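K.L.:
Given next are the chains, with one letter for each unit.
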Amino acid sequence: MGARPKRILPGFGLSLGFTLLYLSLLVLIPLSGLVLKTMTLSWDQFLDTVTAPRVLAAYRLSFLAAAAAATINAVFGLLVAWVLVRYPFPGRALVDGLVDLPFALPTAVGGLALTAVYAGNGWMGRFLEAHGLKVVFTPLGIIAALTFIGLPFVVRTVQPVLQELSSEVEEAAATLGATRWQTLIRITLPGVAPAVLTGFALAFARALGEYGSVIFIAGNMPMQTEITPLLIMSKLEQFDYAGATAIAVVMLAASFLLLLTINLIQWRSQRHQTTP
Amino acid sequence: MSIQVQNVVKRFGSFSALHDVSLEIPEGKLVALLGPSGSGKTTLLRVIAGLEAHDGGTVLFDGRNAAYRHPRDRRVGFVFQHYALFQHSTVFENIAFGLRVRPRAQRPSENEIQRRVQEMLDLVQLGGLADRYPTQLSGGQRQRVALARALAIEPRILLLDEPFGALDAKVREELRRWLRRLHEQMEITTVLVTHDQEEALEVADQVVIMNRGRIEQVGTPEEVYDSPVNPFVYNFLGAVNIFRGRLADGKLQVGGLELDAPEHSGRAEEPAFGCVRPHDLVVSRDGHGMPVLVKNIHVIGPWVRLELRRPDTGEPLEAELPKESYRDLGVSVDEMVFVTPRKFRVFLEGQTG
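Chains as they are written, first to last, in this note's numbering: chain L, 1 to 276; chain P, 1001 to 1353.
Worth double-checking, as some hints may not be accurate.
To be verified - So the derived list for chain L, only partly shown, Cβ under 7 Å to chain P, looks like this:
id: 1; residue: V27
id: 2; residue: P30
id: 3; residue: G33
id: 4; residue: P160
id: 5; residue: E164
id: 6; residue: S167
id: 7; residue: E168
id: 8; residue: L176
id: 9; residue: G177
id: 10; residue: A178
id: 11; residue: Q182
id: 12; residue: I187
Claimed, not checked - Some chain P residues well away from chain L (every beta-carbon gap over 10 Å; in silico):
id: 13; residue: H1070
id: 14; residue: D1073
id: 15; residue: R1074
id: 16; residue: S1089
id: 17; residue: R1102
id: 18; residue: I1113
id: 19; residue: I1153
id: 20; residue: Q1206
id: 21; residue: G1219
id: 22; residue: R1246
id: 23; residue: Q1253
id: 24; residue: E1258
id: 25; residue: D1280
id: 26; residue: E1349
What the hints assert, rightly or not - For the chain L half of the interface with chain P, some residues (derived, Cβ under 10 Å), not all of them:
id: 27; residue: T49
id: 28; residue: T179
id: 29; residue: T183
id: 30; residue: P190
Since the hints were derived computationally from the structure, they do not count as laboratory data. Since this is a predicted model, take the numbers as computed values, not measurements. All C-beta atoms, glycine included, are put in the ideal place defined by N, C-alpha and C.
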């Protein structure tokens, strides 16, 4: 055992201890309860539960819809952030405030509103269905709901970074002979990419767990428009607690792996930008 | 390439940043735009670069109008005060940027790019740092990367916006000498914006003094320092003593002194003032000149600065003399001495900036 290097910033032990305790109480203990409950199943029962076709379909739908929604948000959230940061226009503060509404609104209200608008007799739905595009009770509706609740994540993570990115850097690119397009692709986007990725990860994680807004618009048909959280709820309603936790544990492990991967990419890409 | 700025006007809303500015920048010279903040010097530089559209007048490059040319087509190297390096790219990629974004037909081969970047790195003496990221460099090194990046496109004009403003004094001094040597090597028309008179006087072939959106004086460093055309330039380029008095028959009468001002002869009597630099004030004890009281004595290395006061008006004056002269003089605080200006200029009252 060598001597421990002395730290300049005091309170490392105390603050780390508190952090671990806090995370344990809030996150780890409830989650380990989940795992413990699952372990009341035998391995075969567990496998049977999580590989049932209906469950697999729900997993597939949940992950794909969440990924699609987060991707849409990454693209359009970046655009919204860009407009809010770069162009002063009357009513900008109002638009800026609108971005946060999906945070504040009870998600069920959002789901109901979306359903009303996109239903066959709704404002948008009437028009879309005339063109053969059905939104309500299809995966498309699920993606719409998940996009709605995930929007603020991308906008709010990208906005400050875009603000920091000085217009001088873009002017420098222009004087060096770059076109607007080259400047965007080679300078601006790489500069905000880490923030967009963070926003994507947050929106994705949020979309995976979303329940309230989706159940109204999805129609919840098994094998077609049934998301994983809903499947878990229906297991619970049938008092199949172990079955519900089994599905949840797989979902949890998969999300954790995905988010960990995103964080690793993030960490690698930002390493050289944060060294003083 | 030479630059002609003709009657350029630039407004930001109701604020007029450049009033009818005309300036000739000869080919191959290093010209400093010098002025206090808000004098329009950076705006003028940005107009030349095409980063700012002007509201009136023309900018000619080699006699051809550049007004409608986009910055990317002007082949102007621009260096920003805060470097504006691409944080996510290495030093190598920063310098190579201008070569890589060229249209395919004009783009050099990868080998050629490698060679050019290496050449630039050697030029700015950062040979071993190609793989570093900007955040891993010191301020002085970052600014040299920015310069290498600007030079890599073989610009016809180099524009520097307070390039050393964010660096500490010692690095700043080193870099500006180095810039001067570099300029002598490359002979590229260069415009440097600065608010530091010492920097402008040391580096430039020609100094342009700006104030409130207008050009006050253009000349060699010696000309602008030794013969300022107005009190603003006098004041801006160093300390100055003001002697207020009355002008008659080409002579300024100030508290017992008579200063010759032949350029103002033949005018009716009117109020005027003389400007004298502290080191142009001769201090003696022989009774000639204006009597003044010594209020304070500062010895600064080889120089001595005397804080003086006129007993008649109470106005403060300042004189600077070499340490040897000070020893020979043998004055102390609260003693009476006499001053006469060795060199001065007389301006009429109301003739300011």
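K.L.:
If a hint holds in the structure, say so; if it doesn't, say that too.
P.N.:
Structure-based check of each hint:
1. V27: Violated: closest Cβ of chain P sits about 33 Å from V27/L, beyond 7 Å.
2. P30: 39 Å, violated
3. G33: This interface hint is violated because 43 Å lies over the 7 Å limit.
4. P160: At about 15 Å, which exceeds the 7 Å cut-off, the nearest Cβ of chain P leaves the hint on P160/L violated.
5. E164: 10 Å, violated
6. S167: With a minimum Cβ separation of about 9 Å from chain P (threshold 7 Å), the hint on S167/L is violated.
7. E168: This hint holds: E168/L lies near chain P, its Cβ roughly 4 Å from the closest one there, short of 7 Å.
8. L176: Hint holds; L176/L Cβ to chain P Cβ min 4 Å, cut 7 Å.
9. G177: 5 Å, holds
10. A178: For A178/L, the interface hint holds, since the closest Cβ of chain P sits about 4 Å away, which is under 7 Å.
11. Q182: Because about 5 Å separates Q182/L from the closest Cβ in chain P, which is inside the 7 Å limit, the hint holds.
12. I187: 6 Å, holds
13. H1070: 7 Å, violated
14. D1073: 8 Å, violated
15. R1074: Nearest chain L Cβ is 8 Å from R1074/P, so the label is violated.
16. S1089: Incorrect as stated: the minimum Cβ-Cβ distance to chain L is 8 Å, not above 10 Å.
17. R1102: 6 Å, violated
18. I1113: Fine: 13 Å to the nearest Cβ keeps I1113/P off the interface.
19. I1153: 6 Å, violated
20. Q1206: Holds: least Cβ distance 23 Å, greater than 10 Å.
21. G1219: The claim stands: G1219/P keeps its Cβ more than 10 Å from every Cβ of chain L (closest is about 29 Å).
22. R1246: The claim stands: R1246/P keeps its Cβ more than 10 Å from every Cβ of chain L (closest is about 52 Å).
23. Q1253: The claim stands: Q1253/P keeps its Cβ more than 10 Å from every Cβ of chain L (closest is about 54 Å).
24. E1258: 55 Å, holds
25. D1280: Nearest chain L Cβ is 43 Å from D1280/P, so the label holds.
26. E1349: 44 Å, holds
27. T49: 46 Å, violated
28. T179: 7 Å, holds
29. T183: At about 8 Å, which falls below the 10 Å cut-off, the nearest Cβ of chain P leaves the hint on T183/L intact, so it holds.
30. P190: This interface hint holds because 5 Å falls under the 10 Å limit.
In terms of the numbered hints stated before, the structure departs from hints 1, 2, 3, 4, 5, 6, 13, 14, 15, 16, 17, 19 and 27, listed from lowest to highest.
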